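Protein chains in written order, with the numbering used here: chain A, 40 to 328; chain B, 68 to 514.
In case anyone wonders, no lab produced these hints; they're calculated from the structure.
Please note: incorrect hints may appear among the correct ones.
[Claimed, not checked] Calculated Cβ distances over 12 Å to all of chain A for the following chain B residues:
no., residue
1, ALA201
2, GLU460
3, THR488
4, VAL492
[Unchecked claim] Chain A regions said to be covered by chain B (calculated; three or more residues, Cβ under 8 Å):
no., segment
5, 65-77
6, 103-110
7, 124-134
8, 267-277
Since this is a predicted model, take the numbers as computed values, not measurements.
For every residue, glycine included, the Cβ atom is placed at its ideal position computed from N, Cα and C.
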Amino acid sequence: MLYKKKTPLIAFLLPGFAMLLIFLYVPFVDNINNSFYNMKGFIELQKFIGLSNYKEMLQDAKLHTSLINSLKMMGLTVVFQVGIALLLAILVSNIKRGQQFFRTVYFFPIVISATAIGLLFNLFYNYKGGALNQLLQTFGKEPVNWMAATTAFVMIIIPTIWSYVGFYFVIILTGLFDISDEIYEAASIDGCTKAQAVIRITLPLLRGVLCTCITLAVTGALKVFDLPWVIAPQGAPGGITHFMGTYMYQIAFVNLNVDYGAAIAVAIVVLGVIVSLVINKILKPDANL
Amino acid sequence: MHKYKKFVALLIVSLMVFGSLSACGSGSKGTTEANTDAAETDQETTSGEATGVTSEKITLTTVSMMGGTDPNTERYQEVIDAFMEKYPNVTVEDSSQMSDQTWKAKVAAQFSVGDEPDVIQFFTDNNASEVLAADQFVTIDEIREVYPEYAAAIVDNAWKASANPDGVNRAVPTTGFWEGLFCNKDLFDKYELALPTDWDSFITAVKTFKENGIIPIAVSLNEVPHYWIEHLMLSAAGGEEFTSIPETAPESWIKGLEILKELYEMGAFPEDSQTITNDAAGELFKTKQAAMQLDGSWYAGGIDDQENTVVVAFPVVEGGQKGPNDIIGGLSSGFYITKKAWDDPLKRAAAVEFVMMNTSPEQIAIYWNGNGMATVELEAPADMTPLGLAGLELGNAATGTFAPTDARLIGEAYSSITTSTVDLVNGTKTAEEILNNALQINMDSQE
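Start from the sequences, fold in the hints, and give me the full structure.
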């Protein structure tokens, strides 16, 4: 009866839509407009400069670095975040005792604020007196500059990936529990080994869940900001550890070049759309097996 | 039943809509009473106390740089507590924070969108260019038309020094600052080194400390290279050229900035100076792992070892034009009242009273505590530490006090220099490129 009349439906949908319109779509369009002007401060449009900001993006080496870093991060999150989560979920689903314990332990890092994790790892990486160098010195080794140009990217990736493995672990584990035991029983009667069961039964039946996890991981990698910024503010050292989000933030809020920051924000959205389309094309999550 | 369900659905939707809109708009109740209150506040006030603070329940939003690890944080909080005790109907919502680039940008954004606080202690020079552009401050003259005794004790020189770039006074200054080279004297004594009052003894100290496993200079090139940029430029260029705003970077500025790269290549900075945070760099100095740190008067109060730490004027670089006792310093912050509070009859007197409590001679003496410059006439406290005395001596002996570069260049231009410091020491950008780019940005903003 309710759905015969559209008015109540529209009445309920309207407030949410109004919020999205005011706080998302209008600023989004405004931001695109801002990117075509030279801005003074955060509001004043000083001079129309057309595509000048977008042309600058083509020559901005630090932007290229941040784009490459973001793409690398996407690949690494798929392989390591989702990959490790899958491995852990398969292992945990096969144990009878302690399942709840492992679920809690692996999920726990999600609960910790990313800023707190970043500050913690900062203390680990400190050259003078950091936990890692103290450990090295205990074994008579020389301290290492963990955030040097050659190693900084890896040092940022490690906690970023580690902190979210638990999230995908729980999703995949839930997906595993939806697979009926009868299928495994029937397979084992037919002589299927554990490894074969994983490859021939588990992975194909987890396809939908894995596609969701990969999509979330990739889009999350594009948006990442808090951990890299806390560990290596302003893409330290020398901007080589910037990601798209951190570089956009630096340009807009540290360099106060608001219009160029607006252009980078537009580029991030475009990149996100392209990446989502590519993922959908490759994974075909709705295709019949 | 159908009509009842329709009624309930409409009620829920209305509640949701009103609920989401409830944060919008300002209260306008009690306008008639407020008008009467405003009339009552239009009377002469005595120094340190504005009469006629409303008895209505109001919230005063305040922001200052006296937050976090700033030595004046506690003293400022005491003023807030005393204010709220005196006026129990006034709730002060304070969101003070130590100043850094991110905070400055946040404040500028708040002013841009009309979310400014009622009272703010903020910069008065070009550091506040984005905020001043919002034109949300009442001028001192306007306030004095209603409260003639407003900030009456502030000396004339302080008013001159704390005028905004357009020459108008809007903020009441409390204390000024100096910048100098903090030295762990005990480390200098240990290696029988003279304090770095000239370039030769500075370089000798850097080399000796480096050889003996002490970090010569604590600095975060990534986060706060600001003081090194300014002092090297002043040291090379001298006061007059340093404080000019040329079209292209003078040779002296370029030469000064290039010395930063030379010092980096000498190993004068921490191994991780490109990634270390400013706080962590400060810890290196305070825990005697580093010998020197270039910072300002606000830093002195947070140093634990007040006995064995001194501060000296930055030395003159080879061929430099700076006088040996010329320093960077000045008055660049003060308490503003926003038009939002001034035009609100319920809040006006409260805002004025809050600023007057913070800027009374007694309170300025507390904030000053012998550190930096005071904006009223004060005597040095009797119980000053050796570091405090060294700071006072630095200020008193200064033959020239020059405002830092960010007082003259707009935020975007100055940020382009500070965020290029790591590129400079890595050799990916030259000093000339960095400085000329900054001057160009500054010029473009004037159009």
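We went through each hint and held it up to the structure:
1. For B:ALA201, the shortest C-beta to C-beta distance to chain A comes to about 8 Å, within the 12 Å cut-off, and the non-interface label is violated.
2. No Cβ of chain A approaches the Cβ of B:GLU460 within 12 Å, the least distance being about 31 Å, so the stated non-interface status holds.
3. At roughly 9 Å from the closest C-beta of chain A, the C-beta of B:THR488 falls inside 12 Å, breaking its exclusion from the interface.
4. For B:VAL492, the shortest C-beta to C-beta distance to chain A comes to about 9 Å, within the 12 Å cut-off, and the non-interface label is violated.
5. Beta-carbon proximity to chain B at under 8 Å applies to 1 residues in the segment 65-77 of chain A; the threshold of 3 is not reached and the given coverage is violated.
6. Interface restraint, the segment 103-110 of chain A with chain B: violated (0 residues with C-beta to C-beta distance below 8 Å; minimum three).
7. Coverage of the segment 124-134 of chain A by chain B is violated in this model, with 0 residues showing a Cβ closer than 8 Å to a Cβ of that chain against a need of three.
8. A count of 6 residues in the segment 267-277 of chain A with a Cβ less than 8 Å from any Cβ of chain B is obtained; the coverage claim is therefore met, three being the minimum.
Of the numbered hints listed earlier, those contradicted by the structure are 1, 3, 4, 5, 6 and 7.
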